[in-house]
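If you want the building blocks of each chain, they are given just below.
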Amino acid sequence: MISLAGRDILHAWGKFVFTGVGLGLLIGVTLTMAGLYRGMVDDARVLLDSSGADLWVVQKDTLGPYAESSSVPDDLWRGIRTMPGVAQAANVTYLTTQVGKGSQDVRAMVVGISAGEPGAPGWPPQLVAGRQITRGHYEAVADLATGFRLGDVLRIRRNHYTVVGLTRRMVSSSGDPMVFIPLKDAQEAQFLKDNDAILMQRRRTEANPAFNRPAVPGLLEAVIASQAGNAYVNAVLVRIRPEATPQEVAEPIRRWKRLTVYDREQMEGILVGKLIATSAKQIGVFLVILACVSAAIVAFIIYTLTMDKIREIAVLKLIGTRNRTIAAMILQQSLVLGVIGFVVGKISVTFAAPLFPKYVLLVPIDSVLGFFAVLAICVLASVVAIRIALRVDPAQAIG
Amino acid sequence: MSTRGIRIEHLSKRFGQGDTAVLALKDVNLQVAPGEVVGLIGPSGSGKSTLLKCLGAVIDPTAGRMVLDDAVIYDGGWKVRDLRALRRDKIGFVFQAPYLIPFLDATDNVALLPMLAGVPNDEARRRALELLTALDVQHRAQAMPAQLSGGEQQRVAIARGLVNQPPVILADEPTAPLDSQRAMAVIRILNDMARRFETAVIVVTHDEKIIPTFKRIYHIRDGVTQEEAGEGRGFD
Numbered sequence: 001m002i003s004l005a006g007r008d009i010l011h012a013w014g015k016f017v018f019t020g021v022g023l024g025l026l027i028g029v030t031l032t033m034a035g036l037y038r039g040m041v042d043d044a045r046v047l048l049d050s051s052g053a054d055l056w057v058v059q060k061d062t063l064g065p066y067a068e069s070s071s072v073p074d075d076l077w078r079g080i081r082t083m084p085g086v087a088q089a090a091n092v093t094y095l096t097t098q099v100g101k102g103s104q105d106v107r108a109m110v111v112g113i114s115a116g117e118p119g120a121p122g123w124p125p126q127l128v129a130g131r132q133i134t135r136g137h138y139e140a141v142a143d144l145a146t147g148f149r150l151g152d153v154l155r156i157r158r159n160h161y162t163v164v165g166l167t168r169r170m171v172s173s174s175g176d177p178m179v180f181i182p183l184k185d186a187q188e189a190q191f192l193k194d195n196d197a198i199l200m201q202r203r204r205t206e207a208n209p210a211f212n213r214p215a216v217p218g219l220l221e222a223v224i225a226s227q228a229g230n231a232y233v234n235a236v237l238v239r240i241r242p243e244a245t246p247q248e249v250a251e252p253i254r255r256w257k258r259l260t261v262y263d264r265e266q267m268e269g270i271l272v273g274k275l276i277a278t279s280a281k282q283i284g285v286f287l288v289i290l291a292c293v294s295a296a297i298v299a300f301i302i303y304t305l306t307m308d309k310i311r312e313i314a315v316l317k318l319i320g321t322r323n324r325t326i327a328a329m330i331l332q333q334s335l336v337l338g339v340i341g342f343v344v345g346k347i348s349v350t351f352a353a354p355l356f357p358k359y360v361l362l363v364p365i366d367s368v369l370g371f372f373a374v375l376a377i378c379v380l381a382s383v384v385a386i387r388i389a390l391r392v393d394p395a396q397a398i399g
Numbered sequence: 400m401s402t403r404g405i406r407i408e409h410l411s412k413r414f415g416q417g418d419t420a421v422l423a424l425k426d427v428n429l430q431v432a433p434g435e436v437v438g439l440i441g442p443s444g445s446g447k448s449t450l451l452k453c454l455g456a457v458i459d460p461t462a463g464r465m466v467l468d469d470a471v472i473y474d475g476g477w478k479v480r481d482l483r484a485l486r487r488d489k490i491g492f493v494f495q496a497p498y499l500i501p502f503l504d505a506t507d508n509v510a511l512l513p514m515l516a517g518v519p520n521d522e523a524r525r526r527a528l529e530l531l532t533a534l535d536v537q538h539r540a541q542a543m544p545a546q547l548s549g550g551e552q553q554r555v556a557i558a559r560g561l562v563n564q565p566p567v568i569l570a571d572e573p574t575a576p577l578d579s580q581r582a583m584a585v586i587r588i589l590n591d592m593a594r595r596f597e598t599a600v601i602v603v604t605h606d607e608k609i610i611p612t613f614k615r616i617y618h619i620r621d622g623v624t625q626e627e628a629g630e631g632r633g634f635d
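Chains as they are written, first to last, in my numbering: chain A, 1 to 399; chain B, 400 to 635.
Read the hints as simulated data drawn from the structure, not as lab findings. Don't be surprised by glycine CBs; every beta carbon is placed ideally from N, CA and C. Treat each hint with caution, since some may be false.
Stated by the list, open to error - Facing chain A, from chain B, some residues (calculated, C-beta under 10 Å):
| hint | residue |
| --- | --- |
| 1 | LYS452 |
| 2 | LEU499 |
| 3 | ASP507 |
| 4 | LEU515 |
| 5 | ALA516 |
| 6 | ARG559 |
| 7 | ASP571 |
Isolated chain A (complex conformation) (with noise of 0.2 Å):
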């Protein structure tokens, strides 16, 4: 027996073709969705493996670093550093913000890390290109993603920074790439105020009868400082000894140092189920809006394809076809057109994936995924049309 459904396929080709990319480029957009989602979901995970660290120590009861904001002295790593299990403890700050490069700027997000400690938790496991940060202040390595080169001259805040070192795929939990300075700088950066704003400060506590008393040589001094500096950082990141487990470490630091410790999964629980639960659900309306949007078009094409064929339809009923030649005829090219589709969805989605700013992730479980969706969305298409095929009166073929 002859394939019909082939053959007016074969008849009709461009209509299925130009359909078919149609309904592709909406697949597509699905299959980006989706390679989005993930993106997201690799880049929390790349931000945690990037850090090294096994705990994250941070303020009590936040959230922080990554979810909320957190603060915590810069002076306790060294307490953490002599708790038991402990292999290596550093501070780390976190601050996203706009980098300039002469006149133009790009969002990054700005990690300071102890300098003169490469390999320490925080720091750039690997470089392509440069070297790591070993002085202490105005150098940098950059991601390749913010399109800084080596030797190039970057503004964070007032300060500028040359770039010594290029990393690849260090990206923040909302994809923005990372730009690494020593942590000194990045403590300043943190709190820089404008020079105005600083004179006013410093005014206004020489004005401060409780600050400036007569007979207290240095103490007006020595609050001014402590003003203008800032001995806080966001986290201290700990990479534990071997022989130790996360629970055993995290716990007496809970319990001794009042801070919260949070270990890997838990981390990654924080990232993908908080930071970026929103952005899932919605991406998650998206798809299911899309999917629909794709069955609607499939079934209304479908539909029109067979009601252009009533007259044949009644025909083939009239000279003994049966009604399952008929269905598997309508079903068959409903395949036909999410085939074509996904197949012009996933090339587009393929080559299109590196021009969005965001990382989209294209896993092949997903596109496995997506065309079984994309079948079963085109047989639930075709049920209309279906039923009025099988509906289709023979006599109407006599008149």
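Keeping the supplied structure of chain A fixed, place chain B upon it in accordance with the hints.
Same frame as chain A, now just chain B:
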């Protein structure tokens, strides 16, 4: 009495119930022998199409008897379980417009019927080509319907009606869209094929040009048939 070909006895068809009932066919009696071509003529609304649909097992008659090729197919009810198979294997249809399947070439349009009956594709195509050759359109065997002239399309449609060698062919106004010359050619073909394949052919027509060609004519008026001799010009 032999009932090869088709014989209809006291066939009636009522549409609707009660006060709104319409008796479209009251008492139809008709017999067509194998190899014979008869005309079925009548004014609009006389019941021609209803009779054709009953004969084609597309709608159910209300009462009567139909015998097709020595087998009772209707006697107050259908005696055949699979009407679709009956239409496919025992009845050929030729329509006013050819109604060829637009996405199949001429050969496959004809071969589709035997394929539907389970005949292997090669054999079905061989049979189709034989018929197309007999109808002198073998040179257009690979052409799509849109590439065929009206006359060629009609010949392909006739070949489709004949391909399963049914005992009866129902032709519904087969010459309506054709000029005199082509109309006569179609009637000639139907006569030739009827004789060659021993097929009974019933031609429903309004076409004054072809009515004189029938040896026997059934007039249908108000759902009742009346047989009369035709002139039978030209096809002895």
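- Query: Hints broken by the structure, by number, lowest first?
  - Reply: Hint check: nothing fails, all pass.
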